[in-house]
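Chains as they are written, first to last, in our numbering: chain A, 1025 to 1337; chain B, 1025 to 1337.
Hint data in this document are derived by calculation from the structure and do not stem from the laboratory.
Okay, derived cross-link-like pairs now, BS3-like style, lysine-lysine, Cα gap no bigger than 25 Å in a straight line:
id : chain 1 : residue 1 : chain 2 : residue 2
1  : A       : K1167     : A       : K1041
2  : B       : K1167     : B       : K1231
3  : B       : K1231     : A       : K1309
4  : B       : K1041     : B       : K1167
5  : A       : K1167     : A       : K1231
6  : B       : K1167     : A       : K1309
7  : B       : K1309     : B       : K1188
8  : A       : K1309     : A       : K1188
9  : B       : K1309     : A       : K1167
10 : A       : K1231     : B       : K1309
11 : A       : K1188     : A       : K1311
12 : B       : K1311     : A       : K1167
13 : B       : K1311     : B       : K1188
14 : A       : K1311     : B       : K1167
15 : B       : K1231     : A       : K1311
16 : B       : K1311     : A       : K1231
One letter stands for each residue in the lines below.
There are 2 protein chains.
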Amino acid sequence: MSRIIRVAGAQMGPTQKADSRDHTMARLLRLLEDAAAQGAKLVVFPELALTTFFPRWLIAGTELDGYFEHSMPNADVQPLFNRARALGIGFYLGYAEATPEGQHFNTAILVQPDGSILGQYRKVHLPGSVEPRPGALYQQLEKRYFQYGDLGFPAFRAGEDWHKAVTGMMICNDRRWPESWRMLGLQGVELVCLGYNSAAYDPNGGKTEDAVLRTFHSTLVAQANAYMNATWAVAVAKAGEEDGSGLIGGSCIVDPNGLVVAQAKTLGDEIIIADCDLDLCRQGKDKMFNFAAHRRPAHYAAITERAGVIEPS
Amino acid sequence: MSRIIRVAGAQMGPTQKADSRDHTMARLLRLLEDAAAQGAKLVVFPELALTTFFPRWLIAGTELDGYFEHSMPNADVQPLFNRARALGIGFYLGYAEATPEGQHFNTAILVQPDGSILGQYRKVHLPGSVEPRPGALYQQLEKRYFQYGDLGFPAFRAGEDWHKAVTGMMICNDRRWPESWRMLGLQGVELVCLGYNSAAYDPNGGKTEDAVLRTFHSTLVAQANAYMNATWAVAVAKAGEEDGSGLIGGSCIVDPNGLVVAQAKTLGDEIIIADCDLDLCRQGKDKMFNFAAHRRPAHYAAITERAGVIEPS
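If we strip away everything but chain A, and leave its shape as in the complex, we get:
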């Protein structure tokens, strides 16, 4: 019995500060309709898909709070849930989460075609800084606005609509950290969904990285980590110029060999599609990357014992 899921990536062009919630939701709905019309059973939206990438601004109070969702779904987002269920398509959605207890996370959810929330993920690898960088035109203040994700890297067993796929989520910077992928790989993940907002320049203030190099990095880590964990991966950007600050595109769908099978060509709203045969994961999982047979955890101790570098003397 075939285990093929038609998956869409819904790259989004920029969302300006001035864009209304309604305007943005209309774009999400158009992308959802387009993906469904092409037969997709899952559409992956970007990180922080409902707003501009607000961590580039030093803000506070009501202005900051306006970027957060206080429940999910909520009245603003309910039309997406309703339309997806009517069309029989599930989705991955990234958003800024404010909990009733006052915590703040950079969060994503996976919603199945029947409208049920399969799982939630809170971003573990927050980049940037707590304090603004003096003199910088754009900041990267994720460490200021969000707490570190407290859910680990859970994998979820989907229902029949997705052929009981073992699914996992990441958000943006997580994809550059092989530990994120391995944590999902150790749960047998077959399909990794991730959204991103990645600057088209060095967000840490250096001068050596441009949009071409950063798009290369983004694609490279999706390819290699998909291969090394024998999984499909769908990596989806919010792209283009948001209020003058550039974001890379390059949204892609990668197979368990690390081959790019679909990639966005623009920096705007754009659907990419692939038929993902989950059973293609078996070649890697059963042979080269048969973890039980070939991993040697006794020699990996430093990976969990410490965060930072200790150089040889």
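Based on the hints, put chain B in the right spot on chain A.
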């Protein structure tokens, strides 16, 4: 003060069972001379550079023992040590090691331009099987002939000839495991040397992998892991047809952005060269991959707690 090392990869074409030790050593010496003539201060030879890839055969006794080095250097290999020291060039050499206690390892050493052995590494990620695969024309019996490496993944601080580079070694299959790279990355590695003998077909008996795909995998993992650990990497093949069994080439030198800066074009003896500026590692190590600031080991527990997969129910 500039920290540029001119590094060579000395890809080797096939070494047949019938080839004499003298014949093979003459090839190594020619490659060493060529690399030194081009100004290299380090030349990386392949895994098991002194012999054919004998784990493809089911053998025992004297025949098997003949493939192992019982000391290093020994009379057969001393000419390489002597000539390298005279030329002021260091090298990485892979070989089959038999210890005085009767242990057997798939081993590599790094020798500095002054002739001193900077460090030794014993392959941790042994692929293949203990028992031969029935009916297979070629075996992959590394788990039969070698013990798992017992030295972990040590990094070594080189001397002035190599600008005090933090260096590390891997062997072949290790490169497909992000844990190998991360263990070196956590020691601040700036230059990873690795040799390989990788089949041009699926060594585990599948039908879906060919030489093109396997060369892509080999290059991909060097690129992505070099980037994710902000290090240079030099990956060097023994290539071509050994007694009818194909090995991929694709030897490459990769920079800390994951960009291939030199790659072999043949399946034969071939030198590739690059000037490796160790200070290019700082961009990654200080910013995106500042491990102390951004890694979250509390969420990586499964990586060291277990070897194999546990799927969600």
